[in-house]
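Full structure from sequences and hints, please.
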Amino acid sequence: VARYGVSIANIRLENRPPDFVDLYMDITVHDIRQLAQLLAGLRASAHVLAAERNERKT
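In this text, residue positions in the sequence shown follow the numbering used here: the first is 6, and each later residue adds one.
One thing to keep in mind: the hints can contain errors.
As the list claims (entries may be wrong) - Just the calculated beta-carbon pair ranges, DEER-fashion:
# : residue 1 : residue 2 : range
1 : Gly46     : Asn15     : 16 to 22 Å
2 : Pro22     : Gln42     : 29 to 35 Å
3 : Asn20     : Ala41     : 27 to 33 Å
Because the hints were derived from the structure by calculation, they are not lab data. These numbers were taken from a predicted model, which means no experiment stands behind them. Ideal Cβ placement from N, Cα and C applies to all residues, glycine included.
Written out as structure tokens, the structure is:
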């Protein structure tokens, strides 16, 4: 995440059996391009099964 210059505001983990974990991050990005680059990088990782945007309503 740091490689893309993204700031992490909050992290939440949820365990799922048997050997998986869901990781939720609230992040701050400069623009949609930075978000797209981050998501593409995460999705390209062999350790990540899925990465998606979940826009929180405030």
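Hints versus structure:
Between Gly46 and Asn15 the C-beta distance comes to about 20 Å, which sits within the given range of 16 to 22 Å. A beta carbon spacing of about 32 Å between Pro22 and Gln42 agrees with the range 29 to 35 Å that was offered as a hint. Hint check: Asn20 to Ala41, Cβ distance near 29 Å, so the stated range 27 to 33 Å holds.
Violated hints are absent here; each numbered hint is respected by the structure.
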